[in-house]
Amino acid sequence: MVSKTVIQEQMAKQEYKYGFVTDVEMETVPKGLNEDVIRLISGKKNEPEWMLDWRLRAYRHWLTMKEPKWSNVRYPPINYQDIIYYAAPKPKKPVKSLEDVDPEIRALYAKLGIPLQEQERLAGVAVDAVLDSVSVATTFKDRLAELGIIFCSFSDAVREHPDLVRKYLGTVVPFNDNFFAGLNSAVFSDGSFAYVPPGVRCPMELSTYFRINAQDTGQFERTLIIADDGAYVSYLEGCTAPIRDTNQLHAAVVELIALDNAEIKYSTIQNWYPGDKQGKGGIYNFVTKRGKALGVNSKVSWTQVETGSAITWKYPSCILQGDNSQGEFYSVAVVNNYQQADTGTKMLHIGKNTRSTIISKGISAGYGRNTYRGRVHIHKGATGARNYSQCDSLLLGSTCAAFTFPDIVVQDPTAQMEHEASTSKIGDEQLFYCQTRGITPEDATNMIVNGFCKQVFLKLPMEFAVEAQKLIGVSLALEGTVG
Amino acid sequence: MLEIKGLHVKVAGKEILKGIDLSIQPGEVHAIMGPNGSGKTTLAQVLAGRVTYEVTGGTARFEGKDLLAMKPEDRAREGVFMAFQYPVEIPGVSNAYFLKAALNAIRKYRGQDEIDAMDFVTLVQDKAKLLGLDETFMKRGLNEGFSGGEKKKNEVFQMAVLEPKFCVLDETDSGLDIDALRLVANGINAMRSPKRAMLVVTHYQRLLDYVVPDVVHVLVDGKIVKSGDADLARNLEKHGYGWILEEAPRPAPARP
Chain B
215 MVSKTVIQEQ
225 MAKQEYKYGF
235 VTDVEMETVP
245 KGLNEDVIRL
255 ISGKKNEPEW
265 MLDWRLRAYR
275 HWLTMKEPKW
285 SNVRYPPINY
295 QDIIYYAAPK
305 PKKPVKSLED
315 VDPEIRALYA
325 KLGIPLQEQE
335 RLAGVAVDAV
345 LDSVSVATTF
355 KDRLAELGII
365 FCSFSDAVRE
375 HPDLVRKYLG
385 TVVPFNDNFF
395 AGLNSAVFSD
405 GSFAYVPPGV
415 RCPMELSTYF
425 RINAQDTGQF
435 ERTLIIADDG
445 AYVSYLEGCT
455 APIRDTNQLH
465 AAVVELIALD
475 NAEIKYSTIQ
485 NWYPGDKQGK
495 GGIYNFVTKR
505 GKALGVNSKV
515 SWTQVETGSA
525 ITWKYPSCIL
535 QGDNSQGEFY
545 SVAVVNNYQQ
555 ADTGTKMLHI
565 GKNTRSTIIS
575 KGISAGYGRN
585 TYRGRVHIHK
595 GATGARNYSQ
605 CDSLLLGSTC
615 AAFTFPDIVV
625 QDPTAQMEHE
635 ASTSKIGDEQ
645 LFYCQTRGIT
655 PEDATNMIVN
665 GFCKQVFLKL
675 PMEFAVEAQK
685 LIGVSLALEG
695 TVG
Chain U
14 MLEIKGLHVK
24 VAGKEILKGI
34 DLSIQPGEVH
44 AIMGPNGSGK
54 TTLAQVLAGR
64 VTYEVTGGTA
74 RFEGKDLLAM
84 KPEDRAREGV
94 FMAFQYPVEI
104 PGVSNAYFLK
114 AALNAIRKYR
124 GQDEIDAMDF
134 VTLVQDKAKL
144 LGLDETFMKR
154 GLNEGFSGGE
164 KKKNEVFQMA
174 VLEPKFCVLD
184 ETDSGLDIDA
194 LRLVANGINA
204 MRSPKRAMLV
214 VTHYQRLLDY
224 VVPDVVHVLV
234 DGKIVKSGDA
244 DLARNLEKHG
254 YGWILEEAPR
264 PAPARP
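Chains B and U are the protein sequences, given in the same order.
For the first sequence, my numbering begins at 215 and goes up steadily by one.
For the second sequence, my numbering begins at 14 and goes up steadily by one.
Bear in mind the hints are in silico, worked out from the structure with no lab data behind them.
None of these values were measured; they are calculated from a predicted model.
Check before you lean on any hint, since a few could be wrong.
Subject to a maximum C-alpha distance of 25 Å in a straight line, what follows is the list of computed SDA-like cross-link-like pairs (lysine to any residue) [stated by the list, open to error]: (1) B:Lys673 - U:Thr149; (2) U:Lys164 - B:Gly665; (3) U:Lys152 - B:Ile573; (4) B:Lys494 - B:Phe234; (5) U:Lys239 - U:Glu28; (6) B:Lys639 - U:Met151; (7) B:Lys684 - U:Ser107; (8) U:Lys152 - U:Asp132; (9) B:Lys668 - U:Ala109.
Produce the entire structure from the sequences given, and follow the hints as far as they go.
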């Protein structure tokens, strides 16, 4: 059937426009992982003793852990001794201000559409740019500081705000949480740190742009965001990597803490290199993200648009500890060619009158495998808890697959639960119908996909919603968009 | 406007249309009638460009252009419209959004600018009134959860907004109650103009009581076996297809 072939051809034509490599002189540590490498990383970052101790404890525990095998993704064994755990661009001179950033690196970010010069940047967004293992620049630091907001690289935070880091690090994702979180805790290199003081509403989007550039390296960033009483912050992360034949490992940890009446909104646009049409190369994305709605009336909201990576394994979750706290998870996950995604969320209801919402949209094309995995757990004593879950899958073509594994545990009789799920397919009938109205199959597919994702896109900050929509068009190799 | 000559069409290897000749001039309304399985829907779908229908012979020219060589979307942009017998549902895409995309795709092809948002709203409201559709209708997903009648109304509504030159209506009357039939027929009649032609495919006379055709063709076993004026349709309603089948020249049955 011609219409189907058109779609399949379109999708196979996938182009990854962030696949370039930038020639920056790098400083790396030897391949492999042992205590010396950890000491070396810690030393390079001028870390205090307590930080190194924490890393070593994590490493020793990690050695006793086994890589999880329960997820619905398949990949050859990872040789953890064949990875470079630290790679940083060699500073040509000490970086004191944005103007000191290596022009090569600046050009790299400009090419990605992330200019590091503040005056060129969208006025409403502060950026922390992380290249391989280090943060290369953070914009708008001073303006934020006037409000008492701390927004800096994780390494700077360890040195400059040790009390805050020590108080919260590992309180949401402890190093013994899971295999990949353990690995991250031992070798994490950089990431972003944000603290919003009581009663402050952060006036701009905070965002981190993660870029893997060096070969054979893994990226292990760690992000910690704390919203103090009554504070609000919206944070966004974006990620890309060059095209390479070999798989690269990305194992990040994100911890969010919302105190009384605080709200954290965390959005991700994940576009790591997904591998080529035959499934060669691509990033292995094993990420642990969790938010703790610790205070009363607090709220943690996750929005993710996952289009990249050869393998995605992540479950941004909410621990709803404070009474009346709220958790949200809005997700669009796209797989094409040989990509595999196993993603979803956990909503753990502990406090009274806690509420959670899960909206998951999975799109599968090519030979992609897309899995939603979720757990909603209403603990005993979490009276009046409510959850609404909706998991929809959209299939393009007949060689892809979609799976849904919802897990619901209710230990309190007052809980109200709702779960809805649907699977649909963009059929030749739908495309033909659109064609008879003058719309090309590509535009029709785009329109149907966007209609399918709309609920989630509406949750993204405005300028990124447009970006996300375009990105999905590119991931599915649909040219030209309607409207 | 439309010239079909010797059209042969196969579906899944089986010949369904066995040499159709049809000539439709601007301003004319032609009706195609015929028993089940005679090839009526196949004819409609082939004109709209369905690829699973294989044209094995003959030509179809629309305003002098080779219709069969065009992609379905280009046929639509040239001004061919088909109202489906079973319109598909597209959840998540609103009627309004879909229709605007369609209208703009057609306008772009014709070198026109995209329609102004306010003009679009006015246009849509006018046409919706014609078919008795309320405002919430535009916000709903395309045909999503529509009743059979609503789907058919939506087809005619789209036709009214897109203003094609040539309309194919495939059993638009099926599944309609008498009130809905009247609304749909009014919608179709409002579209009749000296510049526009229509091909109405139907089983029954009842739509043709409202939309009176200029020419009626009877399609049997992939061929037009009889053509006449509106009276032919009335006769069919009264006497069934039997008398035509007897009158029509048929191939001699194969002998063992």
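Verification of the hints:
1. Distance restraint check for Lys673 (chain B) and Thr149 (chain U): the Cα-Cα separation of roughly 24 Å lies within the 25 Å cut-off, and the hinted pair is therefore satisfied.
2. With a C-alpha separation of about 19 Å, the suggested pairing of Lys164 (chain U) with Gly665 (chain B) holds against the 25 Å cut-off.
3. Simply put, Lys152 (chain U) and Ile573 (chain B) have alpha-carbon atoms about 21 Å apart, close enough for the 25 Å limit, and the pair holds.
4. Annotation: proposed proximity of Lys494 (chain B) to Phe234 (chain B) holds, straight-line Cα distance about 16 Å (limit 25 Å).
5. Restraint check for Lys239 (chain U) and Glu28 (chain U): the C-alpha separation of about 20 Å stays at or below 25 Å, so the hint holds.
6. With a C-alpha separation of about 23 Å, the suggested pair Lys639 (chain B) and Met151 (chain U) falls inside the 25 Å cut-off, and the hint holds.
7. The hinted pair formed by Lys684 (chain B) and Ser107 (chain U) meets the criterion: a straight-line CA distance of about 20 Å does not exceed 25 Å.
8. Only pairs whose Cα atoms come within 25 Å are accepted, and Lys152 (chain U) paired with Asp132 (chain U) is accepted, the gap being roughly 17 Å.
9. A threshold of 25 Å between alpha carbons decides the hint, and for Lys668 (chain B) with Ala109 (chain U) the separation of about 15 Å falls inside it, so the pair holds.
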